[in-house]
Structure formats: structure tokens, C-alpha cells
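Given chain A, work out where chain B should sit, using these hints.
If you read the sequences in order, they're chains A and B.
Those letters in the first sequence? Residues 1 to 541, per my numbering, in order.
Those letters in the second sequence? Residues 1001 to 1173, per my numbering, in order.
None of these hints come from the bench; they were simulated from the model.
Glycine included, every Cβ here is placed at the ideal spot set by N, Cα and C.
Any given hint could turn out to be false.
[Said to hold, decoys possible] Heads up, simulated SDA-like pairs for lysine to any residue below, C-alpha to C-alpha not over 25 Å straight-line:
(1) B:K1025 - B:N1039
(2) B:K1025 - A:T167
(3) B:K1025 - A:P229
(4) B:K1025 - A:W233
(5) A:K62 - B:R1138
[What the hints assert, rightly or not] To give an idea of the chain B side of the interface with chain A (calculated C-beta under 10 Å), a few residues:
(6) S1004
(7) I1005
(8) T1006
(9) L1010
(10) I1030
(11) I1045
(12) I1047
(13) D1067
(14) I1069
(15) L1073
(16) N1081
(17) V1084
(18) F1087
(19) I1088
(20) L1091
(21) I1092
[Claimed, not checked] Stretch by stretch, here's where chain B covers chain A in the computed footprint (C-beta under 8 Å, at least three residues):
(22) 177–184
(23) 306–320
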Amino acid sequence: MSDILVPLLVIIPLVGAAITLILGRHPRLQILISVLALTAVTAAAAVLLAIVDSTGKPAVVKVGGWEPPFGIVLVVDRLSAIMVVVSALVLLGVLVFAVGQGYADRDRDTPVSIFHPTYLILSAGLFDAFIAGDLFNMYVGFEMLLAASYVLLTLGGTGSRIRAGVTYVVVSLVSSLLFLGAIALIYGATGTVTMALLSDRIRELPLDVQMILCAALLIGFAVKAAVFPLSFWLPDSYPTAPAPVTAVFAGLLTKVGVYAIIRTDKLLFFDVPLQVPLLIVGGLTMLIGILGALAQADVKRLLSFTLVSHIGYMIFGVAIGTELASGATIYYIVHHILVQTALFLVVGLIERKGGSTSITQLGGLLKAAPFVAVLFFIGALNLGGIPPFSGFLGKVGLFEAGAASPNPLVYVMIGAGIVTSLLTLYALMRVWNMAFWRPKKDVEGYESPLIESLQEGPTGSVGTMTGTATATDTETRTSPLMIGAATGLMALTLGLTIFAGPLFDLAQRAAGNVSTPEPYIDSVFPEGALVPVSVDEGGVG
Amino acid sequence: MSASITLVVLMAVMYGAGVYVMLEKSLTRILIGFLLVGNATNLLIFIMSGRAGDSPIVDGNGADTVDPIPQVLMLTAIVINFGVTAFILALIYRSWWLSNLGDEGDDVAADDDEDEAMEIDQAGVFHASLEDDDAAVRSILDEGSDLGDPDDDDESGAGAGEQPSEQDRDVMR
Chain A
1 MSDILVPLLV IIPLVGAAIT LILGRHPRLQ ILISVLALTA VTAAAAVLLA
51 IVDSTGKPAV VKVGGWEPPF GIVLVVDRLS AIMVVVSALV LLGVLVFAVG
101 QGYADRDRDT PVSIFHPTYL ILSAGLFDAF IAGDLFNMYV GFEMLLAASY
151 VLLTLGGTGS RIRAGVTYVV VSLVSSLLFL GAIALIYGAT GTVTMALLSD
201 RIRELPLDVQ MILCAALLIG FAVKAAVFPL SFWLPDSYPT APAPVTAVFA
251 GLLTKVGVYA IIRTDKLLFF DVPLQVPLLI VGGLTMLIGI LGALAQADVK
301 RLLSFTLVSH IGYMIFGVAI GTELASGATI YYIVHHILVQ TALFLVVGLI
351 ERKGGSTSIT QLGGLLKAAP FVAVLFFIGA LNLGGIPPFS GFLGKVGLFE
401 AGAASPNPLV YVMIGAGIVT SLLTLYALMR VWNMAFWRPK KDVEGYESPL
451 IESLQEGPTG SVGTMTGTAT ATDTETRTSP LMIGAATGLM ALTLGLTIFA
501 GPLFDLAQRA AGNVSTPEPY IDSVFPEGAL VPVSVDEGGV G
Chain B
1001 MSASITLVVL MAVMYGAGVY VMLEKSLTRI LIGFLLVGNA TNLLIFIMSG
1051 RAGDSPIVDG NGADTVDPIP QVLMLTAIVI NFGVTAFILA LIYRSWWLSN
1101 LGDEGDDVAA DDDEDEAMEI DQAGVFHASL EDDDAAVRSI LDEGSDLGDP
1151 DDDDESGAGA GEQPSEQDRD VMR
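So that you can see chain B by itself, here it is in the shape it has in the complex:
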């Protein structure tokens, strides 16, 4: 089995950068870390398919074709990562919402039964209050300029947003 050294180095950098960013407290950085590590893993699967070759469509003379299975595995893994990323984004949004609006936010978001999560009609309330949500968010954004960063409550927004992009640049190199 042979593999491209560029890919191996790229994968290693992505793993390293991803794990480093993941160790931060802020949820957004954890998400970025997860994306990096996830894609590094996809790359690892890809590297395992061995040397490059022709496209893996069997047309009778499949002498020099590339191994298709890792690509299939990768595709599945990418889709799964995509779904999970969407969920984490929602989680980050909700976390930001709670840390900035707190109980007040719950009043906007749903009725008083918010705590009793089994009780509320997610669908009904959700659709009804989307506009209220947006309005509340907008009013908060207008009020405080330092709340623009969707961090979780463990860390204030100061300086966030710088570091992930640095990491990104590392990876792009």
C-alpha cells in the first residue's frame, strides 16, 4: 500500500489542530475542532485506499482502478458528520440563547412549562415563536455590542473568533 505523503501530512496537521481547538472551553471552537478532526478521519479513510488510480467504474479492464470502498465509507461518514454538525450548531445557538437571555429567554421561547420538557408542544410553540425569537435576538444584539460572539457561558466573547481562523490558516497551508 502506498499513500501520498502530502495527504498524510495534511491529515496529521488537521488532527493536531483539531484536537488543540477542541480542548478549548468555547462551544464554537469545539465545533471547529470537531470539523477538523472529523475531516482528518475522513482523510485517513481516504489514505487507506492506497495509491491513486482510474475511477472505480468496472468497464471490463479494471486493471488500474482505485479501491472504491473507502470512498463509500467516507461519503457515509461525511453525511453523518454533516448531520451532527447541524445539531451542534443548534446546541450552540440554544446555549448562547440561555446564557444571554436566561429565564427571560425561556419566557419568550415558550410558555411557563419550559422546565417540564416532556410537556411542551415543541412544534406548535416553535413555529409560533420564531419571530419572537428573532426579535429578542435582534434587541439583544442592539443593546450590547460584546454579545455578538456565540460562545457558551463559560467564557466571555473577548478575543474569540481570532484563534479558530488562525488554525484554519495552518491547515490550509
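If we strip away everything but chain A, and leave its shape as in the complex, we get:
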């Protein structure tokens, strides 16, 4: 059963992309195909998660029947399955939002015909990266999703998007080349790219070689995950894209990087002492990210900075390294994917209702759009970590796991985490005060210390340019689908809160798979990794 399901996760979106490309002239059929494809993947992933969770063993598929380490393997353990399920749900929700936006913009006959194929290729790349059993396949997955993301980010080719796109493309390319170079070095040192075998062989290398290889790989992933100091590109590129695209990027693309970091740390370089560097980097990511968010007037930019900042929590969780911490990290990743995507979708709605995304121009939204206000408020409290929401539970889980660690630096990080959490709440509540509570008539000439010395988005960003220019046109144009999609994702975050117990247990079980390399290796090589290391390739030292 799982033999069929695992490859389908990648095949369905790719076939869907091909079909939607052919159907470029038939937008309705395109929508139908992409919704069907993503629904099918969601279902397949859910079944797979159930199978993997009940058997407790990762599902391994040898592509083309070649035995590892000679062929490509796809490995779905609980962590991969969870990531695929959550991404599929988010992709589906955002797709519905994008379709709704298309309908709302009266373009029933003329949507962008390349959107659906590109979106499906992005999904395929994402799933491929999550289920890849060897490093090179993971690289290919990354490249697929990045290539698709370049297209989505520069959709329409306006000046601001091209400018943002150039930064994004160049940074992503450099990180990809670093990743590829690291793969080459790892291959040179071990003679394989299959992760299960790598895990064995890397441990036989001298520690200094391990550290160099690990650093090369981690830097590549850290750029993708937007970990400080490699996070500068993110707030400049994400906010200019169309709202649904930003939502998907924010929710999923950085998390692929975090997922890759987890695999690197737990599976490949189990012996390398990464705790202190990761703790420091994680703490700085949190603090610098949130301080950036405080200075923003544009809600999209503000959210992009909070996104960077909250990646820090995940790095913190990875750094602690215990099974408890891994479980909390997985729960936190799921929470953050959902809440960040939902918030970006809500900002897309705010942009429609208020005609801008800058809090210096918004006002009176509570009266104009009470339902959107409720959605934003829930999301803001959740992201800010107010009990009883999942953001609070995830953070408590992380801090609890951290407090059990003997390293004193962890307590500094817990402090940084709490400060970050409060500052997130402050930034988002300021948006609430300005955009929702402030009456519309007060917006002109409003003076308050709260909005002094805020940085607007760069001229030409969507928030200031199209916002003011098209405010009157788009003001009322939201479709029920858009609100439905945003509500659905927000409901999922609430579900994460309500079913926190079982879900946290699931995350802990996933962590049990992940936190030591043995289950992964045993699943790929049931008889043990008996392939001899040839002297020629293996012992480079």
C-alpha cells in the first residue's frame, strides 16, 4: 500500500502540472485539475501518515527497484509524513484562496494560465524534498520548488516584483550551489549520497572533516530557512508577491530549510557538537527578526520579519537536541506553518478591504470587516503565544524541553524566546490598534508615539503602490472562497490547539523516530548497511 502511495505524492502534482499546462486556455478545468490533484495528495499523505504511525516503521520505496545505496530511495517516516500532510493542507487552502481571488477580480475568463502548473510543480518539489531518502534527491526537490518559486514571485513581471525577484533568485542560487558543493564534498569523503548510509559512514570520518562537511551543508540550508545572519533577503522579497504566493512561501519554503536542518543534525551529523552555535544563531534570529518587525509599518513586511524571528524557535528546539525538544519543535513547525500562512491570507483580505497594507493608512476595519478582524485577532494572539492557543503550547513545550537541558546558555535562550514572544504580540497588537480599532476618520493627520519612526515598505511595493492606486476598485471585491480559505486555515490552527494532546503525542512519536539515526537506517537497510566501503572512495580523511 505505502509502496504505491509514496511515489504518488510527487507524481500526482507533476502530472497535474503537465495537464494544467496543456489546458492553459481553459482556466476552469485548470482549477478543477489542481484542486483535485492537491486533494488527492492530501488524502494520500493522510493515509500514509496513518500507516506509518500505526506500524511505527518508516515506509521505504526503492525507486525503479534498485537496491539502496545504488538507487534512489524515498523514505517516509513520521516526520516526513506530518510535514507532507500539513503542506498539502496549506497548499490546498491557499489554492482555494487564489482561485477565490481570481473570481473576485472579475477575471473568470483570463486568469494567469501559468499559475496552476507552477504552483503544482512547487508542491511536487516540496513533497520530494520531504520524502527524499538521499541528499541529491533532496537537492533536486529543492531546485524544483525554487525554480517554481522564482516564477511565482515574479508573476506578472512588474518593476517591484522583478526587483524583489532578482534578490531572491540570486540568494537562492548561491545557497543551492553551496548545497550542491557540500554534496560533492560529502560524496568525496564517503562515496555515497544515500542518507541512511551516509549516517553510518560519516561517523567513521575524523571529527574535523565532519565539522567542515556539516558547516557547508548547514550554511546552504540556513539561507533557505532564513536563519540570522542569512535572513536579510526574506523581508525584501516575500512581501511584493501576490498575497496567496506570499502566504505559501512564508508558510512552507522556510520550513523545508528547517526540515533539512533537522535531518542534517539528527541523521547525518549526529556526532558533531552543534548545540552552542545553533543556540546562539537561534537566539539572534529570534531577537533581530522581531526587532526588525517592530520598525515596520507595512503589515506584510512586519509579518515577514516575525516569520524570520520565529524560525529562531525551531532552531532553538533543534539545538537542545533531546527527544522531548524534537517533539516540541515538530509541533511548533506545524503550528507555525498554519498560523503564518493563515495570517498572510488575512492580510490579503485586509488589503482588499482596506486598500492598503500599511498601518499608517489603514483604519476602521473593525466596523468595515468584522469577520476579518476576528480572524486577524485570533491569528495575532496565536502567533504571539497567548494561552490557550497552539503558539503558547508549542513555546511552553520548547521551554520545558530546554529547561531540562544542562547547558546554562539554554536559559538565556528561553529568556530571548519569551521577550520575542512578547514583542511579537506588541507588533501585532499595534496593527490591531491602528488598522482595526482606530476609526477611519482619524487616519488623516493621526499622531501617536506608536506609529512614529516606522519604516514604510519600499516605494513600489504592493502595499503602497497598488494599494492606494486600486483601493477604490478592489475595496469590496472579496469572494466567499477567499474568506473561506482564510477561515479554514485559521480553524486548523484552532484545531491544533483543541487537539493539542493527541497531536503533541504524535509529534513526540515522530521525534522518537528522528532523534536518533538508528530507526531511519534500519528501515532503509533492514539487514544492516553491509555495503563495504571501498578503500579507494572511502578513506579520504
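Just chain B now, kept in the frame of chain A:
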């Protein structure tokens, strides 16, 4: 593992030259830098396959064959780089278009809804306006002689085109 020193030196030069060119502001030079660094990485993978040997087709007596896996990895990486290069070229063209034609260019390229990128029918408009595009480009080329260099708006075209070729020559040596 042994490797040819020529390849190692070549790779190092390509990395160095590529990173240097990539640090320029101009998009074309970034592209050239990317090509150099990308191919240097391919070369790195190749070097990792160790010493040279017979072609890696298994015919029963595979005693002295070369390791085939790096070649497979390289092939995949080359294809990916190729695709990305095509995309960057399109990006450069679009960037040049916007910086030289600006809003006027948008009017030629698409209808007034250009800003609302989600709305426009890329396929329909694109096919319909290719000729308009070409005509507009040609008229611009005729008008100003200094606009021939497809740089982005951060830098005027003066002197561009010289440096990349120098770098190329370095690499060829």
C-alpha cells in the same frame, strides 16, 4: 582518492572569477558569475569521482572503471543550471525592458491591469504582443545607441561587456 591537479586549479580559478563577477551590480554579470560558479561546482563533483579510468559500462571485467555516480549527479546539476539560466535571461530581459521603457513599456506589453498580476492572461497577451514587443525594442535601439547593453537599472551601460570577457579569458587559460 586522487584527482588531476589541472582540474583542481581550473575549478579554483572558476570559483574565484565567478564569485568576483557575481558581486557586480549588473544582472548580466551576475548571470556570468552564476554560470562560472555553477560549472565550477560541477567540476568539483567531477573531481570527487577520483582518478580517471575506463568508461563505466559494466561488461564483466570492471576492474579499472571510473565512478559513474558523480557523472550522473553532474548531468542532473547541468540540466538544472540550464533551466535556471534560461529563467535569469528572461528576468534580465524583463528588467531591461522595465528600466528602459518603464510604464510605457507596460502599455505595450499588456493592458492596464499589468499591476494586478494575478489578473492578466499571460498566455493570451503574451502571444498577441510579441510583435509589438519587438517593434518597441527595435525603435528604442534605433533611438539611443547607449542602451544596447542589457543591464539593469542600477548601472548605466558604460563599459559593461568588457569585464566579463576578461574573466572568461582568465578561465580559459
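Here is what the structure says about each hint:
Taking the CA atoms of K1025 of chain B and N1039 of chain B, the gap is near 21 Å; set against the 25 Å cutoff, the hint holds. For the hint linking K1025 of chain B to T167 of chain A, the alpha-carbon distance of about 11 Å falls within 25 Å, and the restraint holds. Distance hint between K1025 of chain B and P229 of chain A is fulfilled; the C-alpha atoms sit about 21 Å from each other, no more than 25 Å. Between the alpha carbons of K1025 of chain B and W233 of chain A the distance comes to roughly 16 Å, so the proposed pair stays at or under 25 Å and holds.
The hinted pair formed by K62 of chain A and R1138 of chain B fails the criterion: a straight-line CA distance of about 54 Å is larger than 25 Å. For S1004 of chain B, the shortest C-beta to C-beta distance to chain A is roughly 14 Å, which exceeds 10 Å, and the interface hint is violated. Violation of the interface hint for I1005 of chain B is found here, the shortest Cβ-Cβ separation to chain A being roughly 16 Å, above the 10 Å cut-off. Interface hint at T1006 of chain B: violated, since its Cβ lies 17 Å from the closest Cβ of chain A, which is beyond the 10 Å cut-off.
Violation of the interface hint for L1010 of chain B is found here, the shortest Cβ-Cβ separation to chain A being roughly 15 Å, above the 10 Å cut-off. The interface hint given for I1030 of chain B is met, as the beta carbon of that residue sits about 6 Å from the closest beta carbon of chain A, less than 10 Å. A cut of 10 Å between beta carbons decides the hint on I1045 of chain B: the least distance to chain A is about 4 Å, and the hint holds. Interface hint at I1047 of chain B: satisfied, since its Cβ lies 8 Å from the closest Cβ of chain A, which is below the 10 Å cut-off.
Because the smallest distance between the Cβ of D1067 of chain B and any Cβ of chain A comes to about 7 Å, under 10 Å, the interface hint for this residue holds. Nearest Cβ of chain A to the Cβ of I1069 of chain B: about 7 Å, under the 10 Å cut. The hint holds. The criterion of a C-beta within 10 Å of any C-beta in chain A is met by L1073 of chain B, whose closest approach is roughly 6 Å, and the hint holds. Interface hint status for N1081 of chain B: upheld, as the beta-carbon distance to the closest one in chain A is roughly 9 Å, under 10 Å.
With a cut of 10 Å, the hint placing V1084 of chain B at the interface with chain A holds, because the nearest CB-to-CB distance is about 6 Å. Hint status for F1087 of chain B: holds, given a least beta-carbon distance of 6 Å to chain A, under 10 Å. For I1088 of chain B, the interface hint holds, the least distance from its beta-carbon to any beta-carbon of chain A being 7 Å, beneath 10 Å. Against a cut-off of 10 Å between C-beta atoms, the interface hint on L1091 of chain B holds, since the closest Cβ of chain A lies about 6 Å away.
Checking I1092 of chain B against chain A by beta carbon gives a least distance of about 9 Å; that is within 10 Å, so the hint holds. Taking a C-beta to C-beta cut-off of 8 Å, the segment 177–184 of chain A contributes 5 residues in contact with chain B, enough for the three needed, and the coverage statement holds. With 0 residues carrying a beta carbon less than 8 Å from a beta carbon of chain B, the segment 306–320 of chain A misses the three-residue requirement, and the given coverage is violated.
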